[in-house]
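> Below are the chains, spelled out letter by letter.
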Amino acid sequence: MPLQNLRGRVAFIFEEIDFDVDQIVGVKNIKITDIDELAAAAMQDYDHDFRNSVRKGDLLVGNANFGYGHPHYPPMRAMRHLGIAGMIAESFSPGYWRGEVSMGFPQVSCPGILGLVRRWDEVEVDWQQGRVTNLTTGASLPFEPLALADRRMIEAGGLVPYLKQPLEV
Amino acid sequence: MGYTITEKIMARAAGLPSVKAGDEVLAKPDYVIAYDFPGYTDVYFKSMKEDFGIERVAEPDRFAIFIDHMVPATSPKEEELHIITRTWCAENNVPLFERKGIGHQVAAEVGYAVPGAFVVHFDGHISQLGTFGTLAMGIRRNILEAFVRERISIRVPHTVRVDLEGELQPGVMARDVFHHLVRVLGPSSCRFQVLELGGPGLSQLSTEGLQTVTGLAMFTGAITAIVNPDETRLAYALPRARKALDPVWSDPDADYAARHTIDLSAIEPVIVIPPTPANTRDLKDYLGLEVQVGYLGSCASGRLEDLRVAAKILAGRQVAPGFQLNVIPTSQEIMAAAANEGLIGTLVAAGAFVSSPSCDYCFGRIATMTQKQRAVSTGTLNVRGRMGSTDSEIYLCSAASVAAAAIEGAIADPRKYW
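Going down the list, the protein sequences come from chains A and B.
In case it helps, this note's numbering puts the first sequence at residues 1227 to 1395.
In case it helps, this note's numbering puts the second sequence at residues 655 to 1072.
Excised from the complex, chain A in its bound form (with noise of 0.2 Å):
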């Protein structure tokens, strides 16, 4: 099944330059299994509120070298239960990078990103196109073209439905 385009609003911009995923749930919290309570911890340290105002489709937007240090899966596995969809950034770390697509999670290394949108513009991704789209304000960016395995990933849902699909060459 090819890729469905991502739109959603900007849920959040995390502007630091090599983020370190683990604060979005805060370190302490980073061995919480369920999914509820890790959720509720989320981006206390951002936006108390972010869980109410977050919806469905949402996505984030990060700074260069997004994912750098330790990466771990609960920050994100927390922030798709609140409904973000995907997440673009002007880079990528690839450890994070790596463990995330493994996971299924749409991720679009798209440089320019940080000047291109503003916190709750809403946004498309437009894979066939290579681009990403400020709907709300009508300007527009190439990102980065995904490797074709990464894309074969995503577009499975995850590393084992994608493994469990006939290899192509």
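Do not take every clue at face value.
Stated by the list, open to error - Taking lysine-lysine pairs in the BS3-like style, the calculated list, with each CA pair at most 27 Å apart, reads:
#1 B/Lys754 to A/Lys1282
#2 B/Lys731 to A/Lys1257
#3 B/Lys754 to B/Lys700
#4 A/Lys1254 to B/Lys754
Hints in this document: simulated from the structure, not taken from any laboratory.
Values in this document were obtained by computation on a predicted structure and should not be read as measured data.
Given the coordinates of chain A, work out where chain B should sit on it, guided by the hints.
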């Protein structure tokens, strides 16, 4: 235009005459390596059977499993995980290395650092096999692909070449060189690329020192690091190698994404302040800062030269009262050599707590810190909560700096004891 060592290794692994950076290929890893950890190997083993119906791996000698975390086990649950690992390895006839030391180091000792080989692990610190001209990548959960398929999908990475020149000042170690490199080039300078080390200054670093530098490559954003083989490193790797491959070297006219030169003579001891490995600072700006814990070990820095330097600094001296110095040699082989040299005796006499190789000090499973405590550490990482309480702090530095801090109970300049 020539090829990098990485492109040559990837071409062979992909069964192609040549590949270039950016190409997407299906490559067969020579070795698939993992250590057992809850949520990792136990999940892969289960998934192989239940999701993919794989009861036995086809070429067992391509796989290797290490038990180096939770050693020794401190709960029945931890030991149960090890039993799952031992059982899977026995059923599959896959080599298992238990209680030999930290896997990334032991992998080199037992012959997985084959010059010219392509190796995958889920953990990125396997990059240290790059010291021997092996292309070793941490691919996180995608390791499952290598467990269930013969080949993995991979994009041939670009390479950033870093040439070292000049001579190291006394008191400066490979650990300082690496953190200096992060500071100068930046924590994303090699993002998704391979860090290739070369240049006339390479001879300033021992094989062990290069293992330190290559093993930490991920903190430049690199997906691995590699060094073109030389006589010394081949003399270590080839007699141990599990398979015969022709070593390969980068061509002089290889195509690099970027080239940098680092002047080793300009490097002074550094310290990496919490909470990120991107925070390299001058050690001299932190002198006198009180610390209560010292950790000398990890896959990055618990090798013989680290122990020698620490023993030299601590010989005839005492660890400060109340300071906990934990010295954990990286492998059994290293510990035995250190014992034979008398290093262990010197360190113990100075008040160090010396323990057998284990990964557990590095992530605070053992010797956990509580709030407000501060450590100097040769571990891999200084993120909050890495060695215990999220309100404790980790300052990363060289083995020499840890030893100097142990004497003073505060961050200290190792050069005055050198």
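> All the hints need checking, so say for each whether the structure fits it.
Verification of the hints:
Pair hint lysine 754 of chain B plus lysine 1282 of chain A does not hold up; C-alpha atoms about 49 Å apart against a cutoff of 27 Å. This hinted pair checks out: lysine 731 of chain B and lysine 1257 of chain A have alpha carbons roughly 17 Å apart, not beyond 27 Å. With a C-alpha separation of about 26 Å, the suggested pair lysine 754 of chain B and lysine 700 of chain B falls inside the 27 Å cut-off, and the hint holds. Proximity of lysine 1254 of chain A to lysine 754 of chain B is assessed by CA-CA distance (about 32 Å); at most 27 Å being required, the pair is judged violated.
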